[in-house]
Amino acid sequence: MEQRTFHQNIFLAERVCGICNTAHAICYCTAVERLLGISPPHRAQLLRILLAELERIHSHLLLIGLVADLAGFRTLFMYAWKIREHVLDAIERITGSRRHSGMVTIGGVSRPVPGKDLASARRSLLVLAKELPKLLSIMKESTTLKRRCRGVTEVDKQTARKIGFVGPNARASGLKLDVRAAEPYLPYAELDWKPVLGEFGDSFERLIVRAREAYQSLRTALICIKRLLSESGPLTVEYQLRAGEGIARVEAPRGELVYYLAAESTAHPSFVRIRTPTMLNLSAIVQLLPGLRVADVPIAIGSIDPCMTCCDRVTVLSAQSAAVLARIPLRALTTWKP
Amino acid sequence: MKLLKEILRALTRPPVTTQYPAKPASLPPSFRGPPDFDDARCIRCFACSSVCPTGACYVQDISDGERTVLIIDYTRCISCGRCVTICPTDALHHTREYSLLASRKTLYTLSSTEVDVRFIRCTECNQPITDVSHIRFIADRLSENLPEEVRDRALEDFKRFSSLCPACRTKLARKLGTSPEKWC
Chain A
709 MEQRTFHQNI FLAERVCGIC NTAHAICYCT AVERLLGISP PHRAQLLRIL LAELERIHSH
769 LLLIGLVADL AGFRTLFMYA WKIREHVLDA IERITGSRRH SGMVTIGGVS RPVPGKDLAS
829 ARRSLLVLAK ELPKLLSIMK ESTTLKRRCR GVTEVDKQTA RKIGFVGPNA RASGLKLDVR
889 AAEPYLPYAE LDWKPVLGEF GDSFERLIVR AREAYQSLRT ALICIKRLLS ESGPLTVEYQ
949 LRAGEGIARV EAPRGELVYY LAAESTAHPS FVRIRTPTML NLSAIVQLLP GLRVADVPIA
1009 IGSIDPCMTC CDRVTVLSAQ SAAVLARIPL RALTTWKP
Chain B
164 MKLLKEILRA LTRPPVTTQY PAKPASLPPS FRGPPDFDDA RCIRCFACSS VCPTGACYVQ
224 DISDGERTVL IIDYTRCISC GRCVTICPTD ALHHTREYSL LASRKTLYTL SSTEVDVRFI
284 RCTECNQPIT DVSHIRFIAD RLSENLPEEV RDRALEDFKR FSSLCPACRT KLARKLGTSP
344 EKWC
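These protein sequence lines map, in sequence, to chains A and B.
If you're matching positions, the first sequence starts at 709 in this note's numbering and goes up one per residue.
If you're matching positions, the second sequence starts at 164 in this note's numbering and goes up one per residue.
It is worth saying that the hints were derived from the structure and are not from the lab.
Fair warning: there could be bad hints in the mix.
[Said to hold, decoys possible] Here are the simulated DSS-like pairs of lysine-lysine, each with C-alpha atoms no more than 27 angstroms apart in a straight line:
(1) A:842 with A:790
(2) A:848 with B:186
(3) A:838 with A:848
(4) A:884 with A:902
(5) B:186 with A:824
(6) A:790 with B:322
(7) A:848 with B:168
(8) B:165 with A:838
(9) A:884 with A:870
(10) A:790 with A:934
(11) A:824 with A:838
(12) A:902 with A:838
(13) A:884 with A:848
(14) A:838 with B:338
(15) A:884 with A:865
(16) A:865 with A:848
(17) A:790 with B:186
(18) A:790 with A:854
(19) B:186 with A:854
(20) A:824 with A:865
(21) A:790 with B:168
(22) A:842 with A:902
(23) B:186 with A:842
(24) A:854 with A:865
(25) B:168 with A:854
(26) A:842 with B:168
[To be verified] Some chain B residues well away from chain A (every beta-carbon gap over 12 angstroms; in silico):
(27) 169
(28) 173
(29) 186
(30) 190
(31) 207
(32) 208
(33) 223
(34) 243
(35) 267
(36) 291
(37) 322
(38) 323
(39) 324
(40) 334
Virtual Cβ for every residue (Gly too), placed ideally from N, Cα, C.
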């Protein structure tokens, strides 16, 4: 990233993750905007919320399908991925592609969205609005899913905080940990939005919290579209490059995503650091694995929504005491010796 | 029970998938395919090649400053649309091509976008500077945006400076005492 210009890096940041790419783009651009001391126009902020929330729905539905598959419940897997197509249709209609929108840019949003496209995206979201409650009730009633996931890696509020869960995993334990509420980087307060909290904190609850969150994101997205259709305004602001540093926290579908960047007054950032949410979630879940039945391990790891490609590092545990022996980057693994 | 109902309903419905090669995919209006050129509009400023994040759009000298070619390599293009946004004359646009299958790698490179660059040469040292249409575009913009009282003088200055390469331009500016170094 240090070898590319600020603008070229947006597309590189977007490709850190295949699932939550808009969160990466928003986080990177917010960090650059803080460095430059600018703030995007209101319409651009609303469009960013819309893209981020649609992405959250798609990401959560993807995981629900995956865990259902891990639990041996193939029909729910197919169902979750079927209704996920509606939200992908909406994203495609708004941005021009299913994933990798390339829309978020420094100082705003790069392309305008015609009202016709927003209205048609709204139509597919309304279909989804009928399907999502059905999905939630299927999940709640399903004995297969309940018996496989209830009670697996149950975590209470204090433990969740201690082991370092972030995002929906922490919220499933009742821990109110949401960057959108704690440090509003986008105007969520205008859109009648509140964090979704669970209580039991086991693998099942993590799925339920995600399904509820998807429904809430859908509501936020629909309000957003309504606002975007009724008001107009500029999409970008002018800016001048300058030296400094910027840090941004964004609530990605998996939890808190952090970008730090520093710049001298050139067209390239001089230093960029990314911390992905899976880094925290994965190192938390490995502490809960000892004592679990082998059959429950895929469910436990799957339920934290791991994104392994975002997290190219390896944690080495002691076989006896489960103590963390070393954390090594994947690249250094070939030369690493215990 | 709910799921059973859903399964029974799915039995009566037609399949959601389509027969792909037989039936073409439906594209959204804002679909971003790999970009294509409009040669008549291009002013050869090469802004597209300097902003491309993957190096898919690049400039190649094919005969030592006599002829330069602008190429878009579809194997590297990620359809981000940055070149289309940055183009000052809207010479680039997204195609609606989604099936980029080819039997050979060379087929992907869009060689038809070869644009001729007729270089202006520096009147002092004979170095190639830039294309005629690029200079004309800048001159047009200047005369459009400058206030009436300074327009003629500025265009005269522009003519004088635009016929020089950057190095000779600096020399002339130093000689005239207008170089920005003076204020540094």
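Going through the hints against the structure:
1. Distance check on the hinted pair: residue 842 of chain A and residue 790 of chain A sit about 13 angstroms apart at the alpha-carbon level, within 27 angstroms; holds.
2. For the proposed pair residue 848 of chain A and residue 186 of chain B, the alpha carbon gap of about 39 angstroms is over 27 angstroms, so the pair is violated.
3. Distance restraint check for residue 838 of chain A and residue 848 of chain A: the Cα-Cα separation of roughly 17 angstroms lies within the 27 angstroms cut-off, and the hinted pair is therefore satisfied.
4. Under the criterion of a C-alpha separation no larger than 27 angstroms, the hint pairing residue 884 of chain A with residue 902 of chain A is consistent with the structure, at around 10 angstroms.
5. Restraint check: the Cα-Cα separation between residue 186 of chain B and residue 824 of chain A comes to about 25 angstroms, which is no more than 27 angstroms; the hinted pair holds.
6. Using a Cα cut-off of 27 angstroms, the hinted pair residue 790 of chain A and residue 322 of chain B is violated, with the two alpha carbons roughly 63 angstroms apart.
7. Between residue 848 of chain A and residue 168 of chain B the alpha-carbon distance is near 16 angstroms, which keeps this suggested pair within the 27 angstroms criterion.
8. Our distance criterion of 27 angstroms between C-alpha atoms is met by residue 165 of chain B and residue 838 of chain A, whose separation comes to about 14 angstroms.
9. With a CA separation close to 14 angstroms, the supplied pair residue 884 of chain A and residue 870 of chain A stays within the 27 angstroms bound.
10. A hinted pair counts as satisfied when its Cα atoms are at most 27 angstroms apart, and residue 790 of chain A with residue 934 of chain A qualifies at roughly 26 angstroms.
11. Of the supplied pair hints, the one linking residue 824 of chain A and residue 838 of chain A holds, its CA atoms being roughly 22 angstroms apart against a limit of 27 angstroms.
12. Distance check on the hinted pair: residue 902 of chain A and residue 838 of chain A sit about 21 angstroms apart at the alpha-carbon level, within 27 angstroms; holds.
13. Taken as a hint, the residue 884 of chain A and residue 848 of chain A pair is honoured in the structure, with Cα atoms around 23 angstroms apart against an allowance of 27 angstroms.
14. Of the supplied pair hints, the one linking residue 838 of chain A and residue 338 of chain B is violated, its CA atoms being roughly 75 angstroms apart against a limit of 27 angstroms.
15. The hinted pair formed by residue 884 of chain A and residue 865 of chain A meets the criterion: a straight-line CA distance of about 9 angstroms does not exceed 27 angstroms.
16. Our distance criterion of 27 angstroms between C-alpha atoms is met by residue 865 of chain A and residue 848 of chain A, whose separation comes to about 22 angstroms.
17. For the hint linking residue 790 of chain A to residue 186 of chain B, the alpha-carbon distance of about 20 angstroms falls within 27 angstroms, and the restraint holds.
18. At roughly 22 angstroms between alpha-carbon atoms, residue 790 of chain A and residue 854 of chain A fall within 27 angstroms of each other, so this suggested pair holds.
19. Between residue 186 of chain B and residue 854 of chain A, the direct Cα distance comes to roughly 41 angstroms. Violation of the 27 angstroms bound is thereby established for this hinted pair.
20. The suggested pairing of residue 824 of chain A with residue 865 of chain A is violated, with an alpha-carbon distance near 45 angstroms, which exceeds 27 angstroms.
21. Taken as a hint, the residue 790 of chain A and residue 168 of chain B pair is honoured in the structure, with Cα atoms around 16 angstroms apart against an allowance of 27 angstroms.
22. At most 27 angstroms may separate the alpha-carbon atoms for a hinted pair to count; residue 842 of chain A and residue 902 of chain A meet this at roughly 22 angstroms.
23. Under the criterion of a C-alpha separation no larger than 27 angstroms, the hint pairing residue 186 of chain B with residue 842 of chain A is inconsistent with the structure, at around 32 angstroms.
24. Restraint check: the Cα-Cα separation between residue 854 of chain A and residue 865 of chain A comes to about 21 angstroms, which is no more than 27 angstroms; the hinted pair holds.
25. Restraint check for residue 168 of chain B and residue 854 of chain A: the C-alpha separation of about 20 angstroms stays at or below 27 angstroms, so the hint holds.
26. A C-alpha spacing of about 11 angstroms is found between residue 842 of chain A and residue 168 of chain B, which places the hinted pair at or below 27 angstroms, so the restraint holds.
27. A Cβ of chain A approaches the Cβ of residue 169 of chain B within 12 angstroms, the least distance being about 6 angstroms, so the stated non-interface status is violated.
28. Listed as outside the interface, residue 173 of chain B is inconsistent with that label: its C-beta sits roughly 9 angstroms from the nearest C-beta of chain A, within the 12 angstroms cut-off.
29. No Cβ of chain A comes within 12 angstroms of the Cβ of residue 186 of chain B; the nearest lies about 17 angstroms off, and the non-interface call holds.
30. For residue 190 of chain B, the requirement that its beta carbon stay farther than 12 angstroms from each beta carbon of chain A is not met, with the minimum near 9 angstroms.
31. Interface exclusion of residue 207 of chain B from chain A stands, the closest Cβ pair being 21 angstroms apart, more than 12 angstroms.
32. The non-interface label for residue 208 of chain B is consistent with chain A: the shortest C-beta to C-beta separation is roughly 17 angstroms, beyond 12 angstroms.
33. In this structure residue 223 of chain B is separated from chain A by more than 12 angstroms, as the shortest Cβ-Cβ distance comes to about 20 angstroms.
34. At roughly 4 angstroms, the least C-beta separation between residue 243 of chain B and chain A is not larger than 12 angstroms, which violates its mark as non-interface.
35. Taking the minimum C-beta to C-beta distance to chain A, about 26 angstroms, the non-interface status of residue 267 of chain B holds against the 12 angstroms cut.
36. With a closest Cβ-Cβ approach of about 25 angstroms to chain A, residue 291 of chain B is found to remain outside the 12 angstroms limit, as its non-interface label requires.
37. With a closest Cβ-Cβ approach of about 30 angstroms to chain A, residue 322 of chain B is found to remain outside the 12 angstroms limit, as its non-interface label requires.
38. Residue placement check: residue 323 of chain B keeps its beta carbon more than 12 angstroms from all beta carbons of chain A (closest about 30 angstroms).
39. The beta carbon of residue 324 of chain B is kept farther than 12 angstroms from every beta carbon of chain A, the shortest such distance being approximately 25 angstroms.
40. Once the 12 angstroms rule is applied to beta carbons, residue 334 of chain B is consistent with being away from chain A; the minimum gap is 26 angstroms.
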